[in-house]
Amino acid sequence: EAQVTQNPRYLITVTGKKLTVTCSQNMNHEYMSWYRQDPGLGLRQIYYSMNVEVTDKGDVPEGYKVSRKEKRNFPLILESPSPNQTSLYFCASSLMARGNSPLHFGNGTRLTVT
Amino acid sequence: ELKVEQNPLFLSMQEGKNYTIYCNYSTTSDRLYWYRQDPGKSLESLFVLLSNGAVKQEGRLMASLDTKARLSTLHITAAVHDLSATYFCAVDMEYGGATNKLIFGTGTLLAVQP
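Which chain is which? The protein sequence lines are V and C, in order.
The numbering of the first sequence is our numbering, which starts it at 4 and goes up by one.
The numbering of the second sequence is our numbering, which starts it at 2 and goes up by one.
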């Protein structure tokens with residue numbers, strides 16, 4: 004089944020403890036992106052990647068890192084999480100960086116930082 | 002700065018009624034997407050609108066795009082309970098550009114009452 008898989012689905016951590024949220028897609032998509040969803044703010048883009056080894060900042064990149072060493076994987080790294088990073092995170096992918104194909108979203112990771 | 006505004010933010014409607022959700026954006030764009038999100042779930046692509054005057058229909062939902070007015074509408078015909086969800090529009094801010102950089106509206110929570 005074609006899908007974007009995020010892990011974990013739920014994560015509770017403490018301030019300053021490094022964590023990684025994994026994202027993997029099995030559709031051979033070039034483009035991958037991370038969003039955070041907060042009430043009243045919609046979805047905001049954190050980082051995106053147009054292809055392997057090509058990443059760029061979105062609108063809210065502070066406090067996050069990403070890497071794209073393989074086409075299928077795009078992990079999101081929080082080196083020193085803070086409470087303002089408590090949010091619902093979505094990974095998404097699309098066939099090309101630009102074109103007619105919409106984004107395919109993962110099921111989300113709900114992160115709580117205390 | 003590109004802004005995407007949806008209204009209404011919350012819509013309670015009766016089954017069988019018609020209504021329209023509006024998505025206004027503040028700068029030139031040539032593509033717009035509509036997504037649906039069920040409570041606690043991921044986002045699912047509904048429509049991709051790629052040109053001025055584009056109209057797409059799927060079941061009881063019809064989306065249209067007027068790039069000159071910078072407006073997209075999502076029209077609901079004869080609503081049923083299964084349409085209850087949050088609907089997001091997303092505008093590609095890279096007009097004529099090369100990246101899939103979407104700005105999402107804040108969403109419209111639709112509740113269809115029997």
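For the record, the hints were derived by calculation from the structure and aren't laboratory data.
Heads up, the beta-carbon is just placed ideally off N, CA and C, and yes, glycines get one too.
Be aware that a few hints might be false.
To be verified - Incomplete in silico selection of chain V near chain C, CB under 8 angstroms:
id: 1; residue: PHE93
id: 2; residue: LEU106
id: 3; residue: PHE108
id: 4; residue: GLY109
What the hints assert, rightly or not - Below 20 angstroms or equal to it, Euclidean Cα-Cα: the simulated EDC-like pairs (lysine to aspartate or glutamate) are:
id: 5; chain 1: C; residue 1: LYS102; chain 2: C; residue 2: GLU16
id: 6; chain 1: V; residue 1: LYS72; chain 2: V; residue 2: ASP59
id: 7; chain 1: C; residue 1: LYS57; chain 2: C; residue 2: GLU45
id: 8; chain 1: C; residue 1: LYS18; chain 2: C; residue 2: ASP83
id: 9; chain 1: C; residue 1: LYS102; chain 2: V; residue 2: GLU33
id: 10; chain 1: C; residue 1: LYS102; chain 2: V; residue 2: ASP41
id: 11; chain 1: C; residue 1: LYS102; chain 2: V; residue 2: GLU56
id: 12; chain 1: C; residue 1: LYS4; chain 2: V; residue 2: GLU73
id: 13; chain 1: C; residue 1: LYS102; chain 2: V; residue 2: GLU65
id: 14; chain 1: C; residue 1: LYS18; chain 2: C; residue 2: ASP31
id: 15; chain 1: C; residue 1: LYS69; chain 2: C; residue 2: GLU6
id: 16; chain 1: V; residue 1: LYS72; chain 2: V; residue 2: ASP41
id: 17; chain 1: C; residue 1: LYS102; chain 2: C; residue 2: ASP31
id: 18; chain 1: C; residue 1: LYS18; chain 2: C; residue 2: GLU59
id: 19; chain 1: C; residue 1: LYS102; chain 2: V; residue 2: ASP59
id: 20; chain 1: C; residue 1: LYS42; chain 2: V; residue 2: GLU4
id: 21; chain 1: V; residue 1: LYS60; chain 2: V; residue 2: GLU73
id: 22; chain 1: C; residue 1: LYS42; chain 2: V; residue 2: ASP62
id: 23; chain 1: V; residue 1: LYS74; chain 2: V; residue 2: GLU4
id: 24; chain 1: V; residue 1: LYS20; chain 2: V; residue 2: GLU65
id: 25; chain 1: V; residue 1: LYS68; chain 2: V; residue 2: GLU33
id: 26; chain 1: V; residue 1: LYS21; chain 2: V; residue 2: GLU65
id: 27; chain 1: C; residue 1: LYS69; chain 2: C; residue 2: GLU2
id: 28; chain 1: V; residue 1: LYS72; chain 2: V; residue 2: GLU56
id: 29; chain 1: V; residue 1: LYS21; chain 2: V; residue 2: GLU33
id: 30; chain 1: V; residue 1: LYS74; chain 2: V; residue 2: ASP41
id: 31; chain 1: C; residue 1: LYS4; chain 2: C; residue 2: ASP67
id: 32; chain 1: C; residue 1: LYS102; chain 2: C; residue 2: GLU59
id: 33; chain 1: V; residue 1: LYS68; chain 2: V; residue 2: GLU56
id: 34; chain 1: V; residue 1: LYS60; chain 2: C; residue 2: ASP83
id: 35; chain 1: C; residue 1: LYS102; chain 2: V; residue 2: GLU4
id: 36; chain 1: C; residue 1: LYS4; chain 2: V; residue 2: ASP41
Checked hints:
For the restraint placing V/PHE93 at the interface with chain C, the shortest Cβ-Cβ distance is roughly 7 angstroms, inside the 8 angstroms limit, so the hint holds. Hint status for V/LEU106: holds, given a least beta-carbon distance of 7 angstroms to chain C, under 8 angstroms. With a least beta-carbon distance of about 4 angstroms to chain C, the hint placing V/PHE108 at the interface is held under the 8 angstroms criterion. Hint status for V/GLY109: holds, given a least beta-carbon distance of 6 angstroms to chain C, under 8 angstroms.
A threshold of 20 angstroms between alpha carbons decides the hint, and for C/LYS102 with C/GLU16 the separation of about 36 angstroms lies outside it, so the pair is violated. Note on V/LYS72 and V/ASP59: the hinted pairing holds, with a Cα-Cα distance of about 14 angstroms set against a maximum of 20 angstroms. With a CA separation close to 16 angstroms, the supplied pair C/LYS57 and C/GLU45 stays within the 20 angstroms bound. Note on C/LYS18 and C/ASP83: the hinted pairing holds, with a Cα-Cα distance of about 14 angstroms set against a maximum of 20 angstroms.
Among the hinted pairs, C/LYS102 with V/GLU33 is consistent with the structure: their alpha-carbon atoms are about 14 angstroms apart, no more than 20 angstroms. With a C-alpha separation of about 18 angstroms, the suggested pairing of C/LYS102 with V/ASP41 holds against the 20 angstroms cut-off. Restraint check: the Cα-Cα separation between C/LYS102 and V/GLU56 comes to about 18 angstroms, which is no more than 20 angstroms; the hinted pair holds. For the hint linking C/LYS4 to V/GLU73, the alpha-carbon distance of about 33 angstroms lies beyond 20 angstroms, and the restraint is violated.
In summary, the hint linking C/LYS102 to V/GLU65 is supported, as the alpha carbons are separated by about 17 angstroms, within the 20 angstroms threshold. Of the pairs offered as hints, the one joining C/LYS18 and C/ASP31 is violated, with about 31 angstroms between alpha carbons and a cut-off of 20 angstroms exceeded. Between C/LYS69 and C/GLU6 the alpha-carbon distance is near 16 angstroms, which keeps this suggested pair within the 20 angstroms criterion. Only pairs whose Cα atoms come within 20 angstroms are accepted, and V/LYS72 paired with V/ASP41 is rejected, the gap being roughly 29 angstroms.
As the CA atoms of C/LYS102 and C/ASP31 are separated by approximately 12 angstroms, the hinted pair is consistent with the 20 angstroms bound. For the proposed pair C/LYS18 and C/GLU59, the alpha carbon gap of about 17 angstroms is at most 20 angstroms, so the pair holds. Restraint check for C/LYS102 and V/ASP59: the C-alpha separation of about 11 angstroms stays at or below 20 angstroms, so the hint holds. Of the supplied pair hints, the one linking C/LYS42 and V/GLU4 holds, its CA atoms being roughly 18 angstroms apart against a limit of 20 angstroms.
As the CA atoms of V/LYS60 and V/GLU73 are separated by approximately 18 angstroms, the hinted pair is consistent with the 20 angstroms bound. This hinted pair does not check out: C/LYS42 and V/ASP62 have alpha carbons roughly 23 angstroms apart, beyond 20 angstroms. Between V/LYS74 and V/GLU4 the alpha-carbon distance is near 18 angstroms, which keeps this suggested pair within the 20 angstroms criterion. A threshold of 20 angstroms between alpha carbons decides the hint, and for V/LYS20 with V/GLU65 the separation of about 16 angstroms falls inside it, so the pair holds.
At most 20 angstroms may separate the alpha-carbon atoms for a hinted pair to count; V/LYS68 and V/GLU33 meet this at roughly 19 angstroms. A hinted pair counts as satisfied when its Cα atoms are at most 20 angstroms apart, and V/LYS21 with V/GLU65 qualifies at roughly 15 angstroms. Under the criterion of a C-alpha separation no larger than 20 angstroms, the hint pairing C/LYS69 with C/GLU2 is consistent with the structure, at around 18 angstroms. Our distance criterion of 20 angstroms between C-alpha atoms is met by V/LYS72 and V/GLU56, whose separation comes to about 6 angstroms.
Distance restraint check for V/LYS21 and V/GLU33: the Cα-Cα separation of roughly 27 angstroms exceeds the 20 angstroms cut-off, and the hinted pair is therefore not satisfied. Proposed proximity of V/LYS74 and V/ASP41 is contradicted: the alpha carbons are some 28 angstroms apart, above 20 angstroms. Under the criterion of a C-alpha separation no larger than 20 angstroms, the hint pairing C/LYS4 with C/ASP67 is consistent with the structure, at around 16 angstroms. Between C/LYS102 and C/GLU59 the alpha-carbon distance is near 25 angstroms, which puts this suggested pair outside the 20 angstroms criterion.
Taking the CA atoms of V/LYS68 and V/GLU56, the gap is near 13 angstroms; set against the 20 angstroms cutoff, the hint holds. Restraint check for V/LYS60 and C/ASP83: not satisfied, since their Cα atoms lie roughly 37 angstroms apart, outside the 20 angstroms limit. About 26 angstroms separates the Cα atoms of C/LYS102 and V/GLU4, which puts this hinted pair outside 20 angstroms; it is violated. For the given pair, C/LYS4 sits about 16 angstroms from V/ASP41 by alpha-carbon distance, which is consistent with the 20 angstroms threshold.
Comparing the model with each earlier hint shows violations of hints 5, 12, 14, 16, 22, 29, 30, 32, 34, 35; every other hint is respected.
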